[in-house]
Every structure is written in structure tokens, then in C-alpha cells.
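*Asks:* One-letter residues, chain by chain:
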Amino acid sequence: MTARATDSRTAVPAVAADDRRRWFRGQAFWLVAPALLLLVICLGLPLAIVTLRSFSEPQWGWQNYAWFFGTPVNLTVLQRTFTISAWVTLVCLIAGYPYAYLMTAVGPKMRLILILCVLVPFWVSGVVRTLAWVILLQDSGVINSVIRAAGLGSVKLIRTQTGVVIGMAQVLLPFMILPLYSVMKTIDLRLMQAARSLGASPARAFAQVYLPLSLPGVYAGAIIVFILALGFYITPALLGGPRSTMLSTLIQNQVLSLLNWGRGGAMGVVLLIATFVLLALAAPLTRQPHKTGSGR
Amino acid sequence: MASPSTRGAAIDLRSVAKHYGSFVALDNVSLHIEPGEFMTLLGPSGSGKTTTLNVIAGFTEVSSGSLDVGGKSVIGVPAHKRNIGVVFQHYALFPHMTVSRNVAYPLTLRGIANPDREARVRKALDMVKMEDFGHRFPSELSGGQQQRVALARAIVFDPPLLLMDEPLGALDKKLREWLQLEIKRIHRELGTTFVYVTHDQEEALVLSDRIAVFNQGRIEQIGTGRQLYDEPETLFVGKFVGDSTILRGAASTSGDETAIDIAGRKVATAKRLPDGAKPVMLLRPEKLSLARRGKAGQDRNTLPGRVGEAIYLGSGSKYEVVLADASKAIVRSTLDAETFAIGDEVDLIFAGSDVKLLADDEKADFTLT
Numbered sequence: 000m001t002a003r004a005t006d007s008r009t010a011v012p013a014v015a016a017d018d019r020r021r022w023f024r025g026q027a028f029w030l031v032a033p034a035l036l037l038l039v040i041c042l043g044l045p046l047a048i049v050t051l052r053s054f055s056e057p058q059w060g061w062q063n064y065a066w067f068f069g070t071p072v073n074l075t076v077l078q079r080t081f082t083i084s085a086w087v088t089l090v091c092l093i094a095g096y097p098y099a100y101l102m103t104a105v106g107p108k109m110r111l112i113l114i115l116c117v118l119v120p121f122w123v124s125g126v127v128r129t130l131a132w133v134i135l136l137q138d139s140g141v142i143n144s145v146i147r148a149a150g151l152g153s154v155k156l157i158r159t160q161t162g163v164v165i166g167m168a169q170v171l172l173p174f175m176i177l178p179l180y181s182v183m184k185t186i187d188l189r190l191m192q193a194a195r196s197l198g199a200s201p202a203r204a205f206a207q208v209y210l211p212l213s214l215p216g217v218y219a220g221a222i223i224v225f226i227l228a229l230g231f232y233i234t235p236a237l238l239g240g241p242r243s244t245m246l247s248t249l250i251q252n253q254v255l256s257l258l259n260w261g262r263g264g265a266m267g268v269v270l271l272i273a274t275f276v277l278l279a280l281a282a283p284l285t286r287q288p289h290k291t292g293s294g295r
Numbered sequence: 000m001a002s003p004s005t006r007g008a009a010i011d012l013r014s015v016a017k018h019y020g021s022f023v024a025l026d027n028v029s030l031h032i033e034p035g036e037f038m039t040l041l042g043p044s045g046s047g048k049t050t051t052l053n054v055i056a057g058f059t060e061v062s063s064g065s066l067d068v069g070g071k072s073v074i075g076v077p078a079h080k081r082n083i084g085v086v087f088q089h090y091a092l093f094p095h096m097t098v099s100r101n102v103a104y105p106l107t108l109r110g111i112a113n114p115d116r117e118a119r120v121r122k123a124l125d126m127v128k129m130e131d132f133g134h135r136f137p138s139e140l141s142g143g144q145q146q147r148v149a150l151a152r153a154i155v156f157d158p159p160l161l162l163m164d165e166p167l168g169a170l171d172k173k174l175r176e177w178l179q180l181e182i183k184r185i186h187r188e189l190g191t192t193f194v195y196v197t198h199d200q201e202e203a204l205v206l207s208d209r210i211a212v213f214n215q216g217r218i219e220q221i222g223t224g225r226q227l228y229d230e231p232e233t234l235f236v237g238k239f240v241g242d243s244t245i246l247r248g249a250a251s252t253s254g255d256e257t258a259i260d261i262a263g264r265k266v267a268t269a270k271r272l273p274d275g276a277k278p279v280m281l282l283r284p285e286k287l288s289l290a291r292r293g294k295a296g297q298d299r300n301t302l303p304g305r306v307g308e309a310i311y312l313g314s315g316s317k318y319e320v321v322l323a324d325a326s327k328a329i330v331r332s333t334l335d336a337e338t339f340a341i342g343d344e345v346d347l348i349f350a351g352s353d354v355k356l357l358a359d360d361e362k363a364d365f366t367l368t
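Residue numbers (numbering that gives the first Met the number 0), protein chains in the order written: chain E, 0 to 295; chain F, 0 to 368.
Be aware that a few hints might be false.
[Claimed, not checked] A few chain F residues that face chain E, going by a derived Cβ cut-off under 7 Å, partial list only:
| id | residue |
| --- | --- |
| 1 | A56 |
| 2 | F93 |
| 3 | L108 |
| 4 | Y311 |
Everything labelled a hint here was simulated from the structure, so no lab data went into it. Just so it is clear, CB atoms sit at the ideal spot from N, CA and C, and this is done for glycine as well.
Chain E extracted, bound-state conformation (with noise of 0.2 Å):
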């Protein structure tokens, strides 16, 4: 629709809505003003105090780099925090990828159900879920009890990596399968028929249509979930053990066990550069070159 319309009753209300956008551009500022200055207040200040205190404590210089990268154990962490991350993803993409699909093949009803089983972990706080997964998982836990009473032993699950990537998953699945079931709506599903009519079978329909048209949700799923597992503190310090320590868990001891800021801020500025080359590399992989579903 042109503005210049030629009929008044349109050409009014466009009008109106014009003289409502010049309004916006002069005034809108002071509209996201609250949210910049809390932005720049709690979250762009502490940053910046951080990075300079890991060029200036104790003495201004690169040390605490030097001292990061020359510690085997930090890049130990560092490498096993990367790990545990992408298992973390590949657990979320496993489990939500089938289940991102079912909410869009069943009818409003379940589909509702099933986004609130999705959202209902949002509602609970992760100390309380964490603990829960401790129940769980104990080696005198539920899931143990399970596994000996069908007479296979027991398994080491609290305090192992494992434990720390189902836990981890589990708090993060909802952040894969959002992205997920938000592109998978989008797909066509009569271009499954028009494959099969080709002469594809259901399983290369789904690899060689479906699967590339929900390659952007799962791009989307797996970067969000990749960066939040990053950062990752009350979950793999509750479930984890010493040799499953992340590079969170790393930070907050030097911070506030030993009170060395310098090292501590590196650390963070370490896990902060790597989240954003990893962002930038992905970057080209979210944008979609061409519209999903089939022209109306």
C-alpha cells in the first residue's frame, strides 16, 4: 500500500500514521532510555571494570593471560567447558528436534499441552531443579534404584560429566526446541507428499527436503543453547565433581575465594571472546537465503 492513496478514508489514517513515526523518531529515544541506562549501569560498567582489573591487577600488563594460557589445568577447563557444552547441544538437538516436530503435526489442544510442558521448567527455579537432579541421579537415587532392581548394576551418574550434561540439558531443552518448533511451523508438509510422489522414500524425503528446511531452527537452537551452556555455574558446581568442573566453577573461586580479581576477570574475558568468534562463525549459517513453504 502506497501512501498516496487516492481513495481519503485511506489516505487519512495514513496520514495519522505517518505524523505517529515522525513522533517516534523524535521522542522514541527516551522510550528504551530506562533500559539502556540499566544496561549500562549493571551489565557494560562491571564488564569494563573487569577487563581493565585483568590488565591492571596486580600490576598492569598481560600477566594473567600468560598466567591462563600458561596453566595446563585452565586450559583443561577451558577445553572440557567447550565439551561439555557441545554434548549439552547434542542432547537438546536430539531430544527436541522429534519433539519441536510434534508440536507441529499435533492438533491446538496437545500443541498447547505440550508448549507448557516445554515452559513449566522456566517457572522452577534452577537451584531447585538442579536439586532435584541430585535426587535423581545419587548413587542411591531413583534412576540407580531402577537400574538395580532390572539387575544391571549401578551407574556413576552424580558428580561425573554425564550427570553434569543431563542436568544441563534437561534446564536447556526449552531453549532449543522454541527456535526449533518456530521454523518447523513454517515448513510445508505437502512438499513430503510432492517427494514421495517423486519417488523419494519417507526416509530421504525427510533427509533431502525436511531435515535442510529446519536447518535454520536448528542453527538458532543449538548457538542459543551453545552460549547459555558456556556460562553455565549452579548446574555443573551441584552435579559436577572436581573433574568436571567448568570454567564458571574456575572464576568464581578465583574471585571470591581468592579474591583475585585480575586473574578471575581474564578467565571471563577468555570465555566472552570465545562465545563471540563462535557467534561470528555462525553467524552466516542463521541467515536464510530463501523463504520456507511453497508460494500460496
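Put chain F on the given structure of chain E with help from the hints.
*Replies:* Below, chain F alone, put in the same frame as chain E:
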């Protein structure tokens, strides 16, 4: 797997039924389609024509009955093993593939390697006149272009049978008419059997060798366009195919003569009916003519009426005449005929031999022999 064939496949549906719970989508449908024939399934929405197409394509399993394609039963054969081309109303092009890759897809699935594959893709795109669009994505094409690509994709693997489900339904009239001629040309060039679903009777008449008229999950009549127009077997077919005037009356038979009482006038017919039967009379617009009141000859059937609507069509005129019993007659006249204005008192003239006597669908109280 795919044996290229220049000849089309014959199709045989025998007593096919499809039930969804208590809903009967198809009720005892039998249909034989000759190899290379252009068969149109015509009917209103929900009449079973698309279900029939889906049954042939393998998207829907039958509840009972048999289905042979090319002389072999395909009951239980999954859609992807039937080697049947399908064109959908919604195009169903893969949005993440270029036009070329879309058209190449069925060839890739059949393991046809590149020099051959590329040549066949080009040939198929040539056939639908889309050869310059291979590198484009579907979202960069208009609806008509997308449908032509979809057609190329459905014929590129030389299926012996092509199914089309209202392929032109989403396009505007001009484009539709042009593509109808294109589809006819492609059918002629390929020799493939075409089964075409539409609710548009004009489209069916333009395209088809034969038409099967569907209504409420059954086939009402199968025949050429001319047969359906000239010799409708049921009132539904008469009303659905072409314009028609429908008059209701009571038959009175004395000796060998049957006259039908319509709006107070006795109209002589060629058929003999039981006394008191209530048939429906169907008349095509070009079998009717008009004369000013009282100017018609006494030897012909006439019914008095008043012109309710007069439409100039360029090639002639179309009139809607309101009769004494408030029923409406549609009359088409040629350019050189006398013209009438709205409100003119006229006589509707027709020959008894042009009257089709049919059983009333709702309350048939006799059978025509």
C-alpha cells in the same frame, strides 16, 4: 526401476470405496481410463474427485476395491514406488532448491547421472518454456511460472501417468486459459495418460477426452464433454455441466401422447411417461429462443414469461426469463436475433425433441427407460 515409456498406462478402478469413520469419501467408484487418455474428474468440493486422485497416487489407501495401473495392481504399493507424476494446486516446489535442482530431483532419486540428467532437465524445462529460469529459486517466480516448473518436475522422469490436482486453481483467468492450452499441447506431445481434477466445468470441457462427474463420493456419469452436455443422465450432471434451464411439471399421459403441465401450459414431449409422474425438464440455452408475446407460431411449444435480465456478451446476448411459476430460463441468442429489454413480455419457444426429461434427484418417482 523407472522404465521410460512413451505410452501412457491404463488405469482400472473397480468398486473402490474409502471410509473415514462413518464418513464415506468414496462409494463404490469404478472407472476405466485408456492408455494416453486425458481424463478429467469433475465435481464440487467434497465430491470425492481429489480422494480418487490420492488413491491413484498412493497418498490414500482404499478401504475396499481394486486399483490397477498399467495392468498391475498397486494396492499396498507405497507412493514413492508407483512412478506416477503428480502436480499439486499449491505447486509444492522445494524452496531450498533452484528450479534446475527441483526438476533434477526425481532423476537424482533414480540414480540417473549427470550428462543424461542435465539433458533431461533441460528438455523438461524446454517443454514448459522455462529453460531460462534454471538458476532461480521458486520464491523468485510467479505462480504460473512455479506451476510450469512443477509440471516439468512431474514429467521429467517419464512417468506413464500424470495426475493433476486443480493445478490452475490459484491462477488468474487469462493465465489459466493459456496454461490449459499448454497442458493440452504437452499431453499431445508426451502420450502420457493424464488424470486431471477440477471443479471448473469449462476447464474440463477444454481439456478432456472424457470427463467423470463426481457427486457425493460417486460417479454420476462418464462421457465426452459433448455427451455430458447433450445427454446428461442425471439432473446433477445437467446442472453442473453447462448452463441450463430447469422446469418442473406433472406428466399427463393419454394413449401414446405425454404432455407435461408446466405453469398452466401443456408442453408436448417425445418421451412417454407414466401418468402423474413429476419429471424435470432440462433445456440448454441455445435450444431456446424468444419471441414477442403472441408472435410465436402455434405449432411450437411456448411458455409465457418476462425478461428479467438482458446481458450483452459481444458474440450475442444472454437473457434470463422469469416464467409464470417464478422459475427462471436462461436463453442465449445470436447477434442477428431480435433483441429484448428488461421487462419485455415474451414467449419462450423450444422444440419438444430438445427437452431432456430427467428424474428429480431429490424425489424420483419414476425411472426413465
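*Asks:* All hints, please: hold or fail.
*Replies:* Evaluation of the provided hints:
Checking F:A56 against chain E by beta carbon gives a least distance of about 6 Å; that is within 7 Å, so the hint holds. Interface restraint check: F:F93 against chain E, minimum CB-CB distance 6 Å, threshold 7 Å, status holds. The interface hint given for F:L108 is met, as the beta carbon of that residue sits about 4 Å from the closest beta carbon of chain E, less than 7 Å. With its C-beta approaching chain E no nearer than about 30 Å, F:Y311 sits outside the 7 Å limit, and its interface hint is violated.
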